[in-house]
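Engineer: Each chain, letter by letter, is given below.
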Amino acid sequence: MERTISFTLNGKTAAVKTDDERMLLWVLRSDLGLTGTKFGCGEGLCGACTVIVGNEAVRSCATPLKAVAGKQVLTIEGIGHSGLHAIQQAFLDHHAFQCGYCTPGMILGAYALLLKTPHPTRAQIAQHMEDNLCRCGSHVRILDAIQQAARAAKAGA
Amino acid sequence: MVADGMKRREFFGVAGSGLFVFFSANLAAQEPARLPGRQAGPTDLNAYLKIGADGRVTCLAGKVELGQGVMTELAAALAEELDVALDTVDVVLGDTDLCPYDMGTFGSMCTPLLWPAVRRAGAEARAVLVQMASERLQVPAGQLQVHAGTVSESGKPSNAVTYGQLVAGKRIERHLENVPVKATGLKVIGTSPRRKDGPDKVTGGAQYAGDIQLPGMLHAAILRPPAHGAKLKSADTSAAEKLSGVRVVKDGGMIAVLHERPDIAVAALGKIKAEFENPPAGPDDKTIFDHIQKTAPQPRVVGQSGDLAEGQRLAGSVIEGTYLNSYVAHAPIETHTATAQIEDGKVTVWASTQAPFMVKSAVASALGLPADKVRIISRYVGGGFGGKTEADQGVEAARLAKLTGKPVQVVYSRQEEFFYDRFRPAAVMKIRAGVAGGKIVLWDNQVFGAGDREANPFYDIPHKRVTSAGGWMGGNPAGMNPFAVGAWRAPSVNSNTFARESHIDVLAAKAGLDPLEFRLNNLTNARMRRVLETAARQFGWKAGHAPTGRGAGMACGMYSNACNATMTEVAVNRATGAVEVKRVVMALDEGLVVNPDGMRQQAEGCVMMGLGYSLTEEVRFRNGEVLDSNFDSYRIPRFSWLPKIEIVMVDNPEMPALGGGEPPIVAMGAALANAIFDAVGVRSLQLPMTPERVKAALAKA
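Residue numbers (our numbering), protein chains in the order written: chain A, 3 to 159; chain B, 561 to 1261.
Hint data in this document are derived by calculation from the structure and do not stem from the laboratory. A few of these clues could be false.
Claimed, not checked - In silico DSS-like cross-links for lysine-lysine, where the CA-CA straight-line distance does not exceed 30 Å:
#, chain 1, residue 1, chain 2, residue 2
1, B, LYS1142, B, LYS1204
2, A, LYS14, A, LYS118
3, A, LYS68, B, LYS831
4, B, LYS1204, A, LYS156
5, A, LYS19, B, LYS966
6, A, LYS118, B, LYS1204
7, B, LYS962, B, LYS933
8, A, LYS68, A, LYS118
9, A, LYS19, A, LYS68
10, B, LYS810, B, LYS833
11, B, LYS810, B, LYS933
12, A, LYS19, B, LYS831
13, B, LYS793, B, LYS831
14, B, LYS962, B, LYS906
15, B, LYS802, A, LYS19
16, B, LYS1142, B, LYS962
17, B, LYS802, A, LYS68
18, A, LYS68, A, LYS156
19, B, LYS1204, B, LYS1102
20, B, LYS1255, B, LYS1142
21, B, LYS742, B, LYS791
Stated by the list, open to error - Label-pair restraints from in silico Cβ distances:
#, chain 1, residue 1, chain 2, residue 2, range
22, A, ASP33, B, GLU695, 26 to 34 Å
23, B, MET814, A, ASP33, 44 to 52 Å
24, A, THR119, B, PRO840, 53 to 61 Å
25, A, GLU23, B, GLY1035, 45 to 53 Å
26, A, ARG5, B, SER798, 46 to 54 Å
As the list claims (entries may be wrong) - Far from chain B, by Cβ distances over 12 Å, these chain A residues were calculated:
#, residue
27, MET3
28, THR6
29, GLY13
30, THR15
31, GLY35
32, GLY56
33, GLU58
34, VAL60
35, LYS68
36, GLN100
37, LEU117
38, PRO120
39, HIS121
40, ARG124
No experiment lies behind these values; they were computed from the predicted model shown. Glycine included, C-beta positions come from ideal geometry on N, C-alpha and C.
All chains, please: the whole structure from these sequences, using the hints.
Structural biologist: Here is the structure:
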């Protein structure tokens, strides 16, 4: 159904008039021009399109726009308030990427994990990130980076 | 001469003032006629560097940053030789208007070929600048020193001039002469600097081909057949055409639906009622191995010595094995994507491709335009692995831009990505071999479908013959492969190494010998011996006669002159056949290591990707239909698969730097097959070694 959906996007109010059954990914990328969120599989199987809704990591390619009405949506463009977020910094420090295409989804997946579990074990990180796919094989570095980010948050707390 | 109608003087128009050094990595000469149909490269110009009045150093080369880190590696070479800070070096890649011709980014050629040429260019530029400074400062060149782009008199730092001041308002052109590079005192080369692409990639700012957004742009969804070889009988597009904002374009067999929103274009495509005529029955993923042997072209001998009959006589008995390898997808997370725009008769296509100059020729040909009216930009690519060498989507986007008069973006769905992927070919490797007194005396190997690279074994075998029929590079009879095949990370070599190194272990087990001892008994290649011994030490290899129950396996591999020994430790669940990989140790001789962390990244990536083709990845198909269409059924490696990875680089600085993106993957299949055998005493002769296949092998034992 075509209607105006309002939500908070990266801290600011957003309103989009469109078919509310359309998937959030395409509204973010095409209607709103935020291309940091990536298309990978279209069926919620790879995690490249991961964004935060409320406090949860969701697959934006499989989340209809109407599901975010009135909610807080956070994308890769919105997580570093002044400079880089600790997770972004950790990904830089560990070179936790190669082609970089899965990286925004990885970072937001980690962001959701650390919201709920600020001090995860390595096994908890791996389990949480299991369905985020990386074809370049940066897995060991991504785990290292998320552990570093968690430690940084602990030190700063 | 400069190919592609691009003359050196045309670069001057683009480049403005400053010091220019043009140089050739002679890439064309290094990649001979085995790339049929591809444009010959220029012999005098592959890249150039510019030092501007602002002091910034810019390197322009036609390679593409696929994630392998070439941007950082080239910048490091220039920072080293020019004595400038790394962050004052810009690297511009993959833009056919700005960068000189390059054949493509494949074959692990960036490091061995382009990198040394860039480094020499940096050394020459520095020599030119020091000479200019000598004249300007009235100080002999030998009494000058350079630090952070400033040339100054030794002992009198106030008498100084910057690179930028030296070139300001001038236009100085040089062709690379033989200026020696630094022999000692390296500050950047051999270190692991921060990746230059990092900030773009962690912030979402990196622009891939699908991130280009242009005013009025339409997104295209293209009607595709359900199977390779299926023919369109009819298509009723009326329902799609009625949708608001939808345009349907039919041109030369292509039916495309366009809309300003990509998802609406895809939904509208679903309204087309299309009927296809099914292709004739063809092979499936089970019958393909017989089919390949029956349809393969005449074999070529790719390695031969001695006399097979004599080898057989010496061995007494012959041990045979037939090894199979399935079709494997590249499956980059970014699907094939292109955005095309036509302005004032000039087409610009942002394309996810490893070979922008090949796409340029293809687009020019499809649109009937001269080459200088086509510009391809491939800035960041979301993974290639060989699968983005061709870029049909670039031609589709350009055609649709011409037909609609609007900028057009084409993004392959995951299903299209699997359907149109040029898979690693399925392959059959038959080996007959024999041993006498711990020495391999007979090796008779027939390769079908894989290709010939590294089929000829590096072991010392007096009586051998290796033949190869068909491969990834083309020249296969029509119908041999039911869909397109192509280069997949270390093409040919994963298949050939799996077969050879599996069979080496079979021979060792039959002879009652430890696999390490057996290999060393038959190997005089000093570099291979060194990586094997290094890996064994790191792994803590315990001599034994497999199967020992420990689940330890090894394999050696060679590719592009890089040597590796891979050792793995696995646990096999006898009830399910599932293999858990606990540890991977790899020793690598990559020649001079120019960036240890970069090399390590490539090796880690190879371990993970190697787990995929070894354990789960295979394309299922039937009668031209590709049955895998997404990551639910086509399983690629995940976090839970991550073994403990230990990479040991055997630095070999006497040897030039070798390519690193492919060699570390080649031995994974056999190292795992041999570890599975050591664990449970059976082996799967077919990759991938799925739980079903391991279980079946256990049941037969």
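Engineer: Given the hint that LYS793 (chain B) pairs with LYS831 (chain B), does the C-alpha gap stay at or below 30 Å?
Structural biologist: holds, 17 Å
Engineer: Are LYS68 (chain A) and LYS156 (chain A) close enough, with their CA atoms no more than 30 Å apart?
Structural biologist: At roughly 36 Å apart (the allowed maximum being 30 Å), LYS156 (chain A) and LYS68 (chain A) break the hint.
Engineer: Sort out whether LYS68 (chain A) lies within 30 Å of LYS19 (chain A), counting only the CA atoms.
Structural biologist: Status holds; Cα separation ~11 Å.
Engineer: Can we trust that LYS68 (chain A) is non-interface, i.e. its beta-carbon lies farther than 12 Å from all of chain B?
Structural biologist: At roughly 14 Å from the nearest Cβ of chain B, LYS68 (chain A) sits farther out than 12 Å, so the non-interface label holds.
Engineer: Is it the case that GLY13 (chain A) keeps its Cβ farther than 12 Å from each residue Cβ in chain B?
Structural biologist: holds, 16 Å
Engineer: Checking a non-interface call: every C-beta of chain B should be farther than 12 Å from the C-beta of MET3 (chain A). Is that right?
Structural biologist: holds, 15 Å
Engineer: With the threshold set at 30 Å, check whether the alpha-carbon distance from LYS1142 (chain B) to LYS1204 (chain B) stays at or below it.
Structural biologist: Given that 30 Å is the threshold and the Cα spacing comes to 6 Å, the pair holds.
Engineer: Going by Cβ atoms, does GLU58 (chain A) stay more than 12 Å from chain B at every point?
Structural biologist: Non-interface label stands for GLU58 (chain A): nearest chain B Cβ at 19 Å, farther than 12 Å.
Engineer: Non-interface claim for GLY56 (chain A): all C-beta distances to chain B beyond 12 Å?
Structural biologist: GLY56 (chain A) is indeed farther than 12 Å from all Cβ atoms of chain B, at 20 Å.
Engineer: Take a look at whether the Cβ-Cβ distance between ARG5 (chain A) and SER798 (chain B) falls inside 46 to 54 Å.
Structural biologist: violated, 28 Å
Engineer: Does the claim that THR6 (chain A) lies outside the interface with chain B hold up, using a Cβ gap greater than 12 Å?
Structural biologist: The claim stands: THR6 (chain A) keeps its Cβ more than 12 Å from every Cβ of chain B (closest is about 16 Å).
Engineer: Are the Cα positions of LYS68 (chain A) and LYS831 (chain B) separated by 30 Å at most?
Structural biologist: holds, 23 Å
In terms of the numbered hints stated before, the structure departs from hints 16, 18, 21, 22, 23, 26, 31, 36 and 40, listed from lowest to highest.
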